[in-house]
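Colleague: Below are the chains, spelled out letter by letter.
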Amino acid sequence: MQDFPYLTVLTGLPLLGALVVWCLPKARPELAKIVALAWSLVVFVLSVVMWIAFNPGGDRLQLRESYQWIPTWDARFTFAVDGIALVMLLMVTVLVPIVILASWHDADKSRRSIPTYFALLLLLEFTMIGVFAAADIFLFYVFFEVMLVPMYFLIGSFGGHQRQYAAVKFFLYSLVGGLFMLAAVIGLWVVGGHTFDWVALTNSDFATNTGRWLFLGFFVAFAIKAPFFPFHTWLPDAGGAAPAGAAALLVGVLDKVGTFGILRYCLPLFPEASRWFAPWAIALALIGIIYAALLAIGQNDLKRLVSYTSIAHFGFIGVGIFAFTTQAGTGAVLYMLNHGLATGLLFLVVGMLVARRNSANIRDFGGAGKLVPVLAGVLFFAGLASLALPGTAPFVSEFLVLIGTFTVNKPVAVIATVGIILAAAYVLWMIQRTMQGNLNPTLVDEPAMRRDLNLREKLVVAPLILLILFLGFYPKPVTDVINPAVQATVQDVGKSDPAPISGTTTEAAVK
Amino acid sequence: MEQTIEYAHATGVLGSVWLLIAIPLVSSAVILLLGRRSAKFAHWLGTAAIGAGFVLTLIYFFLLRDQPNRAVERNLWEFISVGSLKVDIGLLFDPLSAVFCLLITGVGFLIHLYAVGYMAHDERRHTFFGYFNLFAAAMLLLVLGNNYVMLYLGWEGVGLASYLLISFWYTRPSAATAGKKAFLMNRVGDAGLVIAIFMMFAYLGSTNYADVFNGVGSLSFTVVLMMGLLLLLGATGKSGQFPLQAWLPDAMEGPTPVSALIHAATMVTAGVYLIARSNAIFSANEVLQTVVVSVGALTLLIGCIIGAAKDDIKRVLAWSTVSQIGYMFLGVGLGGGAYALAIIHLLAHGFFKANMFLGAGSVMHGMKDQVDIRRFGGLWKLMPWTFATFTAGWLAIVGFPGFSGFFTKEPIIVAAFEREGWTAWLYGWAALLGAGLTAFYMTRLWVLTFLGPKRWTEDIEHPHESPPIMVGPLVLLAIGSAIAGGLMASPVAKWLEPPLPAEAHDLHPVMSHGVITTLSLVLTFAGIGLAYLLFRRGTALVEQPAGVVVTAARRNLYADAFNEIVFEKPGIFLTRALVFFDNRGIDGAVNGLAAAVGGGSGRLRRLQTGFVRSYAMSMMAGALLVVAAFVAVQMGWLS
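Protein sequence lines correspond, in order, to chains A and B.
Going by my numbering, the first sequence opens with residue 1, and the numbers climb by one from there.
Going by my numbering, the second sequence opens with residue 512, and the numbers climb by one from there.
Take these hints with a grain of salt, some might be off.
[Stated by the list, open to error] Taking lysine to aspartate or glutamate and the DMTMM-like style, the derived pairs with C-alpha atoms no more than 25 Å apart in a straight line are:
1) A:476 to B:589
2) B:551 to A:452
3) A:476 to B:929
4) A:109 to A:480
5) A:370 to B:634
6) B:1005 to B:883
[Stated by the list, open to error] Residues from chain A shown here face chain B by an in silico Cβ test under 8 Å; the list is partial:
7) 66
8) 69
9) 72
10) 75
11) 233
12) 286
13) 298
14) 327
15) 367
16) 396
17) 411
18) 412
19) 415
20) 417
21) 432
22) 477
Since the hints were derived computationally from the structure, they do not count as laboratory data.
None of these values were measured; they are calculated from a predicted model.
Where is the CB? At the ideal position from N, CA and C, for every residue including glycine.
Bound conformation, chain A alone (with noise of 0.2 Å):
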């Protein structure tokens, strides 16, 4: 099963879906939704055969394709897979069917065609693929600059309020960052002996000052991608002005290449660098804990809070990368996915809230859940992911990212757990001023607030539900396929795990 081509399928599939959508004529928007959707399936499909072909304990990086592309630089479309890059694609291949279904109303209203709004949903599909997929340097930096593409004109074209602004103001961020990975490529390629190529990159040494500067190049675009304080501020102005369906993507999946470019590329091939940076790192993360949480407490406008809240998990998932023990490195990786289930579900829910009452702002609600129970459920739920309530699958991530972080540093995972409460307060606080008190009048008047969920949506949230109930329980098949490969990025940054304190004395009690 190891031979079949699964990355270069798996990533062009959703290209040619695309391509096959954007031709669909106009006039028939149901053929290029029904289209779309079964595309992704597709896509979704395969890829869990991949999950199945990949072999946990094996090597490294699985499923290796290459084939030779620019041979003057010796870039190559090499795709391959670790267990962190895996996860993610199934994080992408499952969001994607999910957000096509829920975003089925979505252009309706736009006066754009609403064809191209499902080819720009599989092109972004195509890019989010390739750039997880990727194992070679430039191919990862062309997918990562790419990517912007569709999302630009997700939000351009079909966003709300202020989409413009939101648009332009998400491009130029990602733009700045883009251009000085680019220089850390160049720089990356002249000292690393004239290759892309991720495995010869990491075995190859740089001197410090080079290591340092060329992580520094990496770190940024990362860090704005990801976002982490303080390059934060696009995303509650995008976030807020997407659509709800291509918000989903972007905080779910867009955002994770940040971490994910971390931890495959900043870690491995600058490890002394990434020591040297490691507690600039957590301090960031550790500010943007603390600080998007009360930011989130203080916003008005639901998607905007919902960023924010993003922003704050962020936090934790580079506390995690940046401890270097396997605990807090596989609690970030989980994080990532997790938070991609838990925040796309709240953006998609918040998305069908806001539909109904044609405004985010949370001061046009109050008293909801007496008129939409179940969707009033289905937020609280939402919540509670969001939240990391214990039995839900952001709990096992965070608690990871946690106790492992507390093994190395105390000060760092107690500050960190006080972003706990704070999670509580504005997930509560939001649930309170939304859909609990007294009803506001003003949502008698639309007639869409008295529409509880429908069969589509429900559609939509149910396996998401099920999936973060599952891994609440039992994340052990996510888990096991994520730590060989944060033990090795670990061991890349010659970091290990320190043995409990008192240690000796319990193997003697044991005995």
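Given the coordinates of chain A, assemble chain B onto it according to the supplied hints.
Modeller: Positioned in the frame of chain A, the structure of chain B alone reads:
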């Protein structure tokens, strides 16, 4: 620790102990997923699920008695396995979890039955039973886990159920606020608990009970102290103890069966369970024990003082719960044989407090949800069953000779006098004083509600007795209130050892046993007598001006005001300031920079005319923040 703790693998029927959690969980899922379609049968399904749990618990209980070391473990599946961290979904059925399971399913069954009648007119009764079953499942997980992570799962699960049930009538702003307050204050405690779990892994490499308890001996004084204080923080949050007591009285916004089951009989005693379960940690450090004792003694007095000033029947009972749990904390803090005394008082309290809460619910049911005791009076004639059963609960809680409290509270007071040196006098007298005050405020409640002249109006309230489905559970609980304490006291103490430590026989109280009992009885009767004399003729219908102490007590000793001034107001100011800072400062700085780099004319001009200073200020603030965080991180690496 000289001896190593080991648990046998559960085999045979005991291997199915997970059913205790699974049955209510499945029932809850069915009810909540079916929604309104389950309305016809949800209450019976929910009640049957708990009833089945009670029967099963009895079977397991008798099987456990015949086990060689009376503790069996069952690891169901691997939950987390990353590096050296291994956490199983694992259960432990031992004497301590067994008595809790009996309490949760036994008293829980009666309260479920009562709720069938109490909630009959609520259109969301099915949802109520869905949440109620969810609570039972989480609570059983809490007491059945074999490691701290399982305990934490249950801990957060009951917190969730508590939140859902406090704000069950979510359209009332006060109910929504009370639910949120409970969840948030609990989260503060939870943060302590979870950091204690991190410490266990960092220092001992495990979160399993057996590994942690066996390893405590190898830890330094400071580490044990820190770990214990963090566990205590968690316990105070869940159990409504000082300094996290303010949420519990507000939790009375929930339907009365919720107050009875969750906020009196079971969930709020989880903190006592946590400390008793962790007795190996707490007994290992005397400073730690003194802190627990102090929290218990202080809270039991706080509860009495505020309880005496309240006029809402449920709030009086809520503060009395705070106070009674204070006695339990006092017990577990005293250590040694007092661990078992605290658990026994907890069980007895489960009966009599559930009894009185349901009695209060019965009164409210007959009085159109009136809760103000100033507007009751003379109800004994109209609600004879409620009156009789409530009286049993009242006699039990004040420690009337022959009733439960007499057998379970008394030994804790004696144990407090067994401490070394002057602290015996301090804590002993606190406990004694509490007994007198308890007698006073509970008698006030009882007299104002049932005796004296009627202070309600016929055309608004039509007092009537509750239906049999509510009276039945009341009668059974009243019998329990009366006799459970006396019956349980000595066999349960024996049953609980181990896991709880045995009683030390070389301890002597600073006053003789007889003197303490006499003093306690004198104070109790004085309290009863005084309250009767003051309130037998009823009371004014509106709040009267009062002195400093009573005013303070009416305001919950200013705990809410303190929280508002110290946390809420500055918190709101901080979030607002940060929102401004983020929009104008960081975002503005970046936009300004972009404009400057691009040479944009309009933006640039605006930049030069005034905003520069605020950008510069905020960039500096940001830089300072980063440096401060960096320093904190560096300190962490060094330590």
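Colleague: Taking the hints in turn, state whether each one holds.
Modeller: Hints, verified against the model:
1. A:476 to B:589: 7 Å, holds
2. B:551 to A:452: Given that 25 Å is the threshold and the Cα spacing comes to 22 Å, the pair holds.
3. A:476 to B:929: 51 Å, violated
4. A:109 to A:480: Between residue 109 of chain A and residue 480 of chain A the Cα gap is close to 45 Å, so the pair fails against 25 Å, i.e. violated.
5. A:370 to B:634: 12 Å, holds
6. B:1005 to B:883: 43 Å, violated
7. 66: 32 Å, violated
8. 69: Hint violated; residue 69 of chain A Cβ to chain B Cβ min 34 Å, cut 8 Å.
9. 72: 34 Å, violated
10. 75: 31 Å, violated
11. 233: 4 Å, holds
12. 286: 5 Å, holds
13. 298: With a closest approach of 4 Å, the residue 298 of chain A hint holds.
14. 327: 5 Å, holds
15. 367: 6 Å, holds
16. 396: The hint holds - residue 396 of chain A has a Cβ within 8 Å of chain B, the shortest such distance being about 6 Å.
17. 411: 4 Å, holds
18. 412: 5 Å, holds
19. 415: 7 Å, holds
20. 417: Holds: closest Cβ of chain B sits about 5 Å from residue 417 of chain A, inside 8 Å.
21. 432: Hint on residue 432 of chain A: holds, closest Cβ of chain B at ~5 Å, below 8 Å.
22. 477: 11 Å, violated
Checked against the numbered hints above, the structure violates hints 3, 4, 6, 7, 8, 9, 10 and 22; every other hint is satisfied.
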